[in-house]
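Enquirer: Sequence:
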Amino acid sequence: MGLELNKIHIPGIREKMPLVISGPCSAETEEQVMETARKLSACGVQVFRAGIWKPRTKPGGFEGNGEKALPWLKQVKKETGMLVTTEVATPAHVEAALRMEVDILWIGARTSANPFAIQDLADCLTGVEIPVFVKNPVSPDIELWVGALERFNRAGIRQLGAIHRGFSSADQKIYRNMPLWHIPIELHRRYPMLPILCDPSHMGGRPELIAPLSQQALDMGFDGLMIESHVCPTCAWSDAKQQITPEVLHEILDHLVLREAVESTEILEGLRKQIDEMDDQLMDLLSKRMYISRQIAQYKKEQNMRIVQSQRYAEILDKRAEQGSRCKMDPDFVRRTFEAIHEESVRQQTDIFKS
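All letters in the sequence shown, in the order written, are residues 701 to 1055 by our numbering.
There's no promise every hint is true.
Simulated pairs of lysine-lysine, DSS-like, Cα-Cα distance not exceeding 27 Å [stated by the list, open to error]: (1) K1019 - K988; (2) K739 - K768; (3) K754 - K778; (4) K1054 - K988; (5) K941 - K758; (6) K1054 - K1001; (7) K758 - K873; (8) K873 - K774; (9) K758 - K768; (10) K758 - K739; (11) K754 - K739; (12) K1028 - K873; (13) K1019 - K1000.
I should point out that these hints are in silico values taken from the structure, not numbers from a laboratory. Small disclaimer: the values here were computed from a predicted structure and weren't measured.
Use the sequences and the hints to build the structure in full.
Expert: In structure tokens:
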């Protein structure tokens, strides 16, 4: 099923891209909210964000001020002219936010991973005209992400957007949440009209990563950014390590380079033609490789040998990863590529054993 989408049109938001949504992780006090909002408004931020309800990993932490903080967002609108957005996770959150005229809703990563919770929210929003942005689920599962978007779409929400905030991984080296850019790229391929924002704050988890991640997202054609900003990040009641001051945000935004959205040029077409020819050669080589794999399978079957030879497989991965490094390719990329080739080889050999 496809998504029936209208172009995101939010009254008061200029058409200029990228769209910038910013504000503190949590609405802590009215003074903190208003001071941050005033400074962000001066930076040209179009939408103010703040967490009203905070789903924490463990109990005992600050879980948000709840409904008492919603009037603060309304005051932000009145004083600065910025639109406001907050995360909602239950129908009660939705109803409270709508009563206080919150302009945009976003769905968090933990919620988008739960189809039951998403359906409850979609049912609550049936017949409501409001933009809804859906963050990717915690796990790298594009179908779960698409499923959440489809549930809102079936409820009649046409102004849909997605927010890429990275994916949880046990192998956390640099990022708090791994970017895995190929997943939002695939989402865009399926739904070219779907606006996609990047959340470099949750992705990087550290202030110094926000600028490079923001630039990378814009270079790949993302429609905007959601960045956490706080007047005093070191004093923040939640996610203190990933928030930046409005002044730092202004500097980051001022140095972002916006690329032209040119689809093709004569030079580019010539280079793409070379890529197409190489891809044809790759497919031919893969076909020949699989033919040899089937011959190997026939021999193994006749000799009553196992399909997978673990030592041989390990040698292939290690050798090709080392070659990839020498060829200026990421060894992990090369390893994943040969893992996929091996998986298809095993599948074809299994078919021979069954015949």
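Enquirer: Evaluate each hint against the coordinates.
Expert: Comparing the hints with the structure gives:
no.	hint	result
1	K1019 - K988	holds (20 Å)
2	K739 - K768	holds (23 Å)
3	K754 - K778	holds (24 Å)
4	K1054 - K988	holds (21 Å)
5	K941 - K758	holds (18 Å)
6	K1054 - K1001	holds (10 Å)
7	K758 - K873	holds (23 Å)
8	K873 - K774	violated (40 Å)
9	K758 - K768	holds (23 Å)
10	K758 - K739	violated (32 Å)
11	K754 - K739	holds (23 Å)
12	K1028 - K873	holds (20 Å)
13	K1019 - K1000	holds (24 Å)
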